[in-house]
Structures are given as structure tokens and as C-alpha cells.
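Trainee: Each chain is listed here by its residues.
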Amino acid sequence: MGLTVTQKILSRKAGKPVQTGEIVEVGVDFTLTHDVTGPIAVSEFERMGVGRVWDPDRVALVLDHATPSKDIQAAEACQKLRRFAAEQGISRVYDEGQGVEHVLLPESRWVRPGSVLFGADSHTVTAGACALFATGVGSTDLAAIWALGTTWIRVPAQMRFNFTGEMPRWLSGKDLILHVLRLIGTNGAHYASMEFTGSVISRLDMDQRFTLCNMSVEAGAKNGIVPADEVTAAFFGVSPEDLKELVSDEDATYEQWLEVDVTGMPPQVAVPSSPGNVKDVTELSNVRVDRVFIGSCTNGRLSDLEAAAEVLRGKRIARGVVALVLPGSATVFHEALKRGLVETFLEAGVTVGPPSCGPCYGGHLGVAGPGEVVVSTSNRNFRGRMGHADALVYLASPAVAAASAVTGRISSPEEVI
Amino acid sequence: MRVRSRVVCVGDDVDTDAIIPGKYLGSQEPAFLAGHVLEGLSTRFPGDLANVSILCAGENFGCGSSREHAALALRAAGIRCVIAASFARIFFRNAINTGLLAVELKAVSKLSEGDDVEVDVEVCRVVNHSTGEVFSIPQYAGTVRDIVAAGGLVEYVRRRTGR
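Protein chains in written order, with our numbering: chain H, 5 to 421; chain U, 18 to 180.
Everything labelled a hint here was simulated from the structure, so no lab data went into it. There may be inaccurate statements among the hints.
As the list claims (entries may be wrong) - Pairwise CB distance ranges, derived in the manner of DEER restraints: (1) S203(H) / R23(U): 31 to 41 Å; (2) S153(U) / R51(H): 28 to 38 Å; (3) E29(H) / E46(U): 12 to 22 Å; (4) V151(U) / P172(H): 47 to 57 Å.
What the hints assert, rightly or not - Here are some of the chain H residues that sit facing chain U, going by a computed Cβ distance under 8 Å: (5) P43; (6) T144; (7) V235; (8) A256; (9) T257; (10) R323.
Glycine included, C-beta positions come from ideal geometry on N, C-alpha and C.
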């Protein structure tokens with residue numbers, strides 16, 4: 005019987021063929037944590053009494069959440085992680101302002117196709133776009149991986165999402181995953197593996213694939229994955245031949261298989277207060293907007309900023325709207341500057357700030373007040389997620405967010421271009 | 018391991034922002050977190066958790082972020098067991114790792130607010146003493162069983178590595 009790419013990776017790391025539903029122990033290749041989950045991981049690791057992390061070269065610490073340190077407590081959390089890195093000989097510390105972990109790590113090419121990544125952050129699933137197994141855990145789980153180099157996992161059921169048809173002009177990876185959430189809901193891929201394939205996916209660039217895998221966790225998935233192809237190989241500078249094992253076998257079996265035709269699909273928007281509460285953008289044209297946020301681990305990459313800039317070029321945002329762009333990494337920021345995107349944003353009246361997770365989790369940098377309506381390119385719109393419990397958050401693509409900033413109400417890019 | 022208490026009930030899809038909002042994540046202090054637990058869901062919390070050890074929930078409890086603060090806050094507020102129709106996977110791991118029992122029971126809707134409920138994970142049974150109903154729950158498997166038996170993941174690792 006054939007295997008899916010996820011089953012292949014897990015079987016190799018478990019040292020035996022894995023069966024759906026069984027609990028296996030897998031070796032871990034890479035770990036990541038940040039300034040919110042990391043300090044607890046360090047404390048729990050120290051309580052475990054093992055002394056040294058199993059392999060300091062497989063540990064990344066990213067200071068991206070309450071940074072640039074928003075208060076003294078945040079600064080202390082960063083200090084604790086830097087101190088831990090120095091004690092343990094961990095060199096991979098991405099300091100304040102360098103970027104959002106799920107943008108940075110793939111960008112640095114540290115994580116590799118076919119590997120296993122565990123991160124103390126739910127959006128660790130993003131890296132599945134690189135044809136690897138990536139999933140999120142909590143702080144103590146991560147500490148145990150630092151101690152043992154392995155962890156347990158229940159082998160996930162396999163779900164396949166095959167996208168075909170003609171991709172409309174303004175449709176993006178964000179719209180595809182929002183549409184999937186619309187179809188299956190926030191528990192639709194409970195504990196499962198979501199594999200994304202089809203002619204539409206083959207033509208998606210890596211940035212869009214990251215967005216797609218990023219929000220697989222919003223459907224309850226254990227991991228999202230795009231099998232390796234020429235796009236993956238080009239991203240890692242290797243030959244497609246080198247990655248040929250990292251695809252699913254023709255006769256692999258799936259617990260669920262969904263076909264999605266994207267032809268004529270309008271941009272998708274998740275309305276308050278669930279990522280599974282998705283509508284066509286055209287149904288929302290009466291919704292007035294106070295804030296727009298473009299960035300995050302979902303949509304803070306270069307092609308995201310390019311899409312937003314394309315909509316904003318030569319225009320001004322509506323009076324009364326506050327719009328903020330936070331590039332996902334210092335590299336993205338620099339490239340956006342060189343390509344004139346930052347100039348486009350500033351000329352449009354958009355504020356450009358440092359890479360940070362701040363607004364997405366209501367931490368800092370543009371926190372929403374009571375009753376404010378936010379259009380955000382991030383990943384969650386739970387009640388209270390981006391600030392006050394009575395703020396209303398709509399999740400959309402960068403192009404829709406930019407168009408909404410221009411009109412002051414939720415809009416399709418076609419309305420302003 | 019046995020827990021018996023009056024229960025408090027919440028609905029489906031209680032997310033981690035409802036359990037402990039992002040603005041409190043700068044703290045890892047259990048008592049502080051307990052003071053804000055579930056306040057994102059309703060103003061009845063955390064007040065209504067006083068003298069309650071069992072929380073009942075619907076589907077997908079703890080969905081969203083990986084923040085262990087959610088399990089820590091519930092534990093510090095005196096909750097020793099969450100019974101839910103289903104759990105989001107990271108919350109489930111965080112719960113058992115930090116010594117909070119997470120019990121999956123599809124028939125959780127047969128437990129009503131204020132019922133006197135007893136959970137016994139050793140004999141895989143939930144008893145509703147208010148109605149007399151008895152429910153079977155699945156046994157924890159493999160490593161999960163070992164972590165629960167150790168009382169949490171830190172102790173599990175200490176035992177496994179001979180510390």
C-alpha cells in the first residue's frame with residue numbers, strides 16, 4: 005500500500021512504518037520557540053534536571069512576539085532567552101526586530117524538506133510548505149524535546165485538498181485556505197494531516213504555500229503539507245530529483261479527499277468571530293473599517309507586500325482609517341524598501357513598522373479598541389484576539405486588506421484598481 | 018486518579034484567547050493567570066469557578082494558540098479536570114503535561130451545570146452522582162498514559178532520564 009508524504013516522513017523518523025491513530029515516538033530535527041512560550045520552556049527544562057539541550061544546533065529562539073520589547077516584562081523575557089542561549093551554546097537566536105519566526109526560519113533555509121520540526125507555537129505548521137512535517141506544541145513539550153531529542157505523536161489521519169481550475173487575478177493562498185475553512189470548519193481537520201495538491205498548487209509560489217499551510221491549524225490540523233516539486237527544489241537550490249521521495253504515492257490512501265475548483269472564486273473573508281465563518285468579499289461591502297493590518301506569519305512575506313502595494317500604488321487610504329504594514333522579517337523589509345514598496349505605503353498614508361507578532365495577538369502595535377472594525381491579514385479573529393473583546397476582526401488577503409484601507413469599507417481589489 | 022466536584026459547563030470552540038487573553042501572556046505567574054481565566058468568554062468567570070474542580074466543555078476545547086498559559090491558568094484556578102466532547106490537540110498535550118486531566122467524553126452534554134460529577138481515570142469512568150448516570154471513557158494510551166501516571170511531563174522526563 006502506498007504512503008502519503010506525511011506518512012513517509014513520520015515512518016522514517018519513527019524507524020518503522022506508521023499506522024493512523026497509533027502513538028509513536030519520533031526523532032526531531034528542528035525546534036523553535038519565542039519570547040512568550042520560551043521563558044516557560046526554559047523554566048520547565050531546568051526543572052527536568054538534564055542540564056544540557058540535546059543538540060544546541062537544532063534549537064532556534066525567536067524574539068518576535070512582545071518585541072521590540074513593549075514593556076519591562078517583555079524585555080526580561082528576551083533577556084531570559086538570551087541568557088539560556090549563551091549557557092547552552094545556542095547560536096540561532098533571532099533577536100528583537102529580525103522577524104516573525106514562521107517567516108524567518110524558512111527564509112533562512114534552516115529547516116529542510118523531509119525533516120521534522122516542532123515549535124512552541126501553533127503556527128509552526130507554516131513550514132509544511134517546504135515538504136516537511138511541522139507542528140506546534142506547548143512550552144513543556146518543547147522543553148522535553150530539548151531534553152530527549154524525541155517526542156510522541158499520534159499518527160494523523162490523512163486529508164487531501166486538490167485544487168484545480170483557473171486562479172482568478174486577485175486570488176491568493178489566503179483565499180484558498182479561508183475557502184477550505186468555509187468548507188470544513190474549525191474542527192474539520194481535527195488532529196489530521198492536510199495535504200495540498202493540484203494544478204493550482206503547482207503554480208503557487210512558496211510565499212502563497214506558506215500562507216496555505218499556516219492556517220491549517222485553524223481547521224484543527226496537526227500539520228499542513230505541500231509535497232515537494234520544482235518550486236520547492238528551486239527554493240532550496242537543489243535538484244527536483246533530490247526531493248523526489250517527498251511526494252505521496254499514487255496509491256496512498258486518504259480518510260478524506262476534497263476537490264476544490266477555484267474558477268471564478270471571489271476573494272474570501274472570515275467574519276467575526278471564527279476563522280471558519282467565511283464569506284465572499286462581495287457580501288461584505290457595507291462593512292465600514294477602522295483599522296487595517298497587513299503582516300504576520302500568515303501574510304508578512306514579500307509577495308504579500310507586493311500585492312498590497314499594487315492595490316495602494318498612487319492612492320490614499322480613506323480618512324479615518326488607520327493602516328499598518330509590518331514586514332515579516334528584516335530581509336522582507338529591506339527588499340520592500342529596495343523595490344519601492346515602502347515608499348508606496350508611506351505615500352498612501354500607511355504606517356510601516358518593525359517585524360513583530362504584536363497586533364495579531366492583541367499584544368502591542370495597533371491593538372484594537374471597543375467596537376473597532378479591523379481587517380487583518382493574520383490568522384485568528386476570535387473574540388478579543390486583537391485587543392478589546394468587542395472589537396470585530398475580519399481576516400482577508402493583503403490585496404483585500406489594502407483595497408479596504410482605500411475605500412474605508414471591506415472591498416475587493418477590483419473595486420479600486 | 019480521581020476528582021469529584023460540582024461542574025461548570027461551557028460550550029463548543031472555547032479558544033485559548035477566551036481562556037487567557039493575549040494581553041496577559043507577559044506573565045507566567047499562576048495566581049495572576051488564574052485571576053483572569055475564562056474572562057474572555059464571559060464576565061461570570063473566573064468568579065464562577067470558585068470551589069469547582071471539573072470544567073465541562075463541548076467540541077474543540079482549547080483551540081487556537083499553543084500558549085501553555087491556558088492550562089496553567091485553569092489549573093491555578095483550581096480546575097483539576099476538563100471533560101470535553103473533543104480537545105484541540107495542543108491544549109490536550111499542554112493539559113496532561115502540566116498535570117491537568119483532559120478527559121474526552123462525547124456524552125458530555127449529559128452533565129449539567131451544578132451536577133455532582135466524579136472522574137476516575139484509573140477505572141476509565143465518569144459518574145454523574147446527580148443523575149446516577151455512568152459513562153465509560155477511553156484509557157490513555159502509550160506515552161500519554163505514562164505522562165499522566167507521572168503527574169506531568171517534567172516528572173516523566175526526570176524518571177525517564179534517571180534524574
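Trainee: All hints, please: hold or fail.
Mentor: Structure-based check of all given hints:
With their beta carbons about 57 Å apart, S203(H) and R23(U) fall outside the hinted range of 31 to 41 Å. A hinted range of 28 to 38 Å holds for the C-beta pair S153(U) and R51(H), which are about 35 Å apart. Checked against the given bound of 12 to 22 Å, the beta carbons of E29(H) and E46(U), roughly 33 Å apart, lie outside it. A beta carbon spacing of about 56 Å between V151(U) and P172(H) agrees with the range 47 to 57 Å that was offered as a hint.
Given hint, P43(H) at the interface with chain U, holds; its Cβ is 6 Å from that chain's nearest Cβ, closer than 8 Å. Checking T144(H) against chain U: minimum C-beta separation of about 4 Å stays under 8 Å; hint holds. Given the 8 Å rule on beta carbons, the hint for V235(H) is violated: about 28 Å separates it from the nearest Cβ of chain U. For A256(H), the interface hint is violated, since its Cβ never comes within 8 Å of a Cβ in chain U; the closest pair sits about 22 Å apart.
Annotation: interface hint on T257(H) violated; nearest CB of chain U at approximately 22 Å, more than 8 Å. At its closest, the beta carbon of R323(H) sits 29 Å from a beta carbon of chain U; the interface hint therefore is violated under the 8 Å criterion.
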